[in-house]
Structure formats: C-alpha cells, structure tokens
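So the protein lines, in turn, are chains H and L. First residue of the first sequence? That's 1 in the working numbering, and the numbers climb one at a time after it. First residue of the second sequence? That's 1001 in the working numbering, and the numbers climb one at a time after it.
Keep in mind the hints are simulated off the structure, nothing from the lab. Each hint should be verified, as a subset may be incorrect.
Said to hold, decoys possible - Subject to a maximum C-alpha distance of 20 Å in a straight line, what follows is the list of computed DMTMM-like cross-link-like pairs (lysine to aspartate or glutamate): (1) H:40 / L:1126; (2) L:1024 / H:34; (3) H:40 / L:1123; (4) H:188 / L:1126; (5) L:1024 / H:38; (6) H:40 / L:1040; (7) H:188 / L:1028; (8) L:1024 / H:5.
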Amino acid sequence: MRPFDYIAAASADEAVALLAENGEKARVLAGGTDLVVDLKHNAGDTNLLIDVSEVPEFRGIEETSEGVRLGSMTTFSEIMASPIFQKKMPAVVDGAHTVGAVQTRNLGTIGGNFVTCVPSADSAPSIMVLDATVTLTGPAGSREMPVADFFVGPRKTALQPGELLESIFIPKASLGKPSAFLKHGLRKGQALALVNGAAALWLDKAGNIVEPRLALGAVAPTPLRAVETEAFLEGKSPTDSVIDEAAEIAVSECRPIDDFRASANYRRGIIKVFTQRVLKESIRIAQES
Amino acid sequence: MLVELTVNGEWKSAECPPETTLLKFLREHLMLTGAKLGCDVGDCGTCTVIVDGESVNSCLMLAARAAGRDVTTIEGLADSQGVHPLQQAFENLGALQCGICGPGMIMSAKNLLDQNPEASRPEIRDALSGNLCRCTGYTKIIEAIEEAGQVMAADKTTQSNTI
C-alpha cells in the first residue's frame, strides 16, 4: 500500500477539523471493507486516513420518543444483534444479513455502505422504505435530508467537501411498520445484488393499503424509491391483480443496465417478481398483526 | 507508528508504518504466519482472526485500528493440554486437503461455536460464507464443525457442573 498517515478522530468536531485542514488528500475511514481494498489498488494521492469508526457521536443505536437514531458507524453485525431492529425493523436486519459475510459485517458500517453509494447497496432499500432521514455534519453545522436524496449517483452522495455522515434517523411512525426485504445475487454468500428491494405498508380497517413504500436497488444509478408504484398502491385493496399492476409500474420506473452479472432484461424480470414478493410479504405481515 | 495489542493472551508491541494491515503486522512484525494472505480483498477469509470476540478479515483492518484490542489467531488455539476441539475434529474427519483455508475456516468456526456450540448446519454454512475452500467441497469441514460443537457443548456442561 502507498504510505499514508493515520489519525483516529476522538470526536465529531475533531473529525470535521481534520478533514477541513487536510482537504482532498485526506480520506475518511469507517469499517474499511471498501476503502482499504481501494487503497491497495488505487491510492491516488491519499496521504491521510481519518478513522471515524470510534467517534462517539457516530456510534450507537438509540430509541427516543421521536424514533430511532442509528449512528453511521454502527456495524451490520450490531444492527443484526439489536433488539430494537429485530423487533421493530426486521427487514433492516434481513438487509444487513445479506451484506458480505460475517467477517465483513463485523467491520463494515451502514454509514460506510451509504457513503460508498453503489446502486446495489444492500442496506439502502429497507431503510429507505421507513421514510428515514440522514444527518450530515460539517464545518457549517448539521443538516438533514431524506435518505433517498443522499444518494446522488453511482459512488456520488450529497456530502459536500468537508462533510461527514453522522447518523440515520427512523421516525417513530415507521417503527413496526410491516415490511420485507429480498436480495437476488448469483450466490447466497458474498455476491453483489443483481436486484434487491424492500416494501413497507400499513393496511387500514377495511384492509386497504395505506402509506405504501417500495425501494429497489441495482436497478438504476442509485437505490431508488419507486414513487409512481407507491402512488398507484395508495388506498387500493391488496388483490393479486393490483399487485401485478404495481409490479409492472415498478419495472417501468427502473433503469437497469446490462453488465457481466446480468442483462437489463433479466433484471426487469426480477424487479417484477421481487416487487410482487415484497408487497405480498408485507401484506401478509400486516394482515397477521 | 507503535502498535501495542494483546495477541493470544500476550501483550505485544511493534513499530510499523501506518498503512500496515493487521494481517501484515501479525505475519511480518510478530512472525505469526498462521493467518494467511489469500485474495487480499476480503473475499476468501483465509486471513480471518478474532478481534475483541468478533471475526474479521485481517487483510481489511489496519494494525492501527487493532491497537489496544485483544486478538486471537490460529496460533492461540492449542495449549499445553492439547489442540482445540476444532483442530481435533478437522484432523479426525480429514476436513482439510491443501490446508490454506484451514486457519480462517477454524477461526470463523470458533467465532460461531463460542457463541452457539449447538449451531445447526444452515447456521454453520451461513457462518462460513466468508471462507472459501477450493479443494474439499466443504462437506467434511461442516461435519468437523458439527463434531467440534458437540465436544465444546459437552465441555461447557462439564465445566458448569464442576463449578
């Protein structure tokens, strides 16, 4: 590896200050499962790693009267072991479980996964369907935005130079919302998703769909909220024909690519089937609860 | 930089450049060559070690991040009483062929069985998804882990009865 310096930041303020002082030649180290590989192969002119993995403000899972605050440096294993996530957001646990393997989940963080910002990020869809927001912190203070707005393009986020992803916030209204996550890769373990997706919805007393959410990954330049599908489903009775029509709309909202893993056409087929399955599973959970 | 940490129960320290991975630190600075360099990108798992009770790819972790922590490598498993139940089971069943995946397989299995000695086959397979073997087809590795789990569960019972 090309030589660089290493500093472990002890606080968010220190991390922001270090990033401001060192500019573009500094890179921010979270779990390292992407960045360390990147540095081995293409270090560029990186001369400093700022390790933020132990910054207290970026750590921990905390439930308040408003919702759940998830520190960006929480590892996937920590999410999977969290009683709050197991009980109130099991689809997020399912998403975390499909990331890499045990060793990479013990290192890798949800914040790192978000900032790397690949279209197939397995942690994104199940968080996006919960109407989550992210908090960014930088020299000018903090700001918040919906998770979907944080993902700007392949490997491009809304972070401005000098900004860091502090935390993810899931509002109380989304806790316990019936939800499901699915991933399709070429193998079960350690495979990038060809398509992944999550749904969340409520059913009203008449059994009609309320506040449906659908997010799909690896089907567009960023993880995608399928807003037209959601609008179509609002207030509908969850019949097979409604779900089939929703799946067709979801396919039309996506822009999958041909690559060596799968053709765009194959991906469209999976999008249709997965949309049906995550909706049906969410409906089943809603009907049973 | 000076990195100080506990390795297999002993306090160790060595100077290394900041860009040194934990794997390189163990192998080239502490001369513990049990953890192997395979893919060097976190896919094959032959570099697996346990840091503060969690298995990690030591090729993806900087030595600097392991400072002050408790690291267990394959060298830490056997003691004066003999080999670890996992090592014994791998030998009994002939679970290794070329052997290069062995240290990582055993450390991943240890990480699982320490938490859950009665892990089911699907749980064992899930726990090994980050360890690749190109020889065995995994069958005997999984059988060996099941056997070791039974021994470890029995040991646990004996220990708690003694106490």
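Going through the hints against the structure:
{"no.": "1", "hint": "H:40 / L:1126", "result": "violated (28 Å)"}
{"no.": "2", "hint": "L:1024 / H:34", "result": "holds (18 Å)"}
{"no.": "3", "hint": "H:40 / L:1123", "result": "violated (32 Å)"}
{"no.": "4", "hint": "H:188 / L:1126", "result": "holds (9 Å)"}
{"no.": "5", "hint": "L:1024 / H:38", "result": "holds (17 Å)"}
{"no.": "6", "hint": "H:40 / L:1040", "result": "holds (9 Å)"}
{"no.": "7", "hint": "H:188 / L:1028", "result": "violated (34 Å)"}
{"no.": "8", "hint": "L:1024 / H:5", "result": "holds (17 Å)"}
Consistency with the previously given hints fails for numbers 1, 3 and 7, ordered from lowest to highest.
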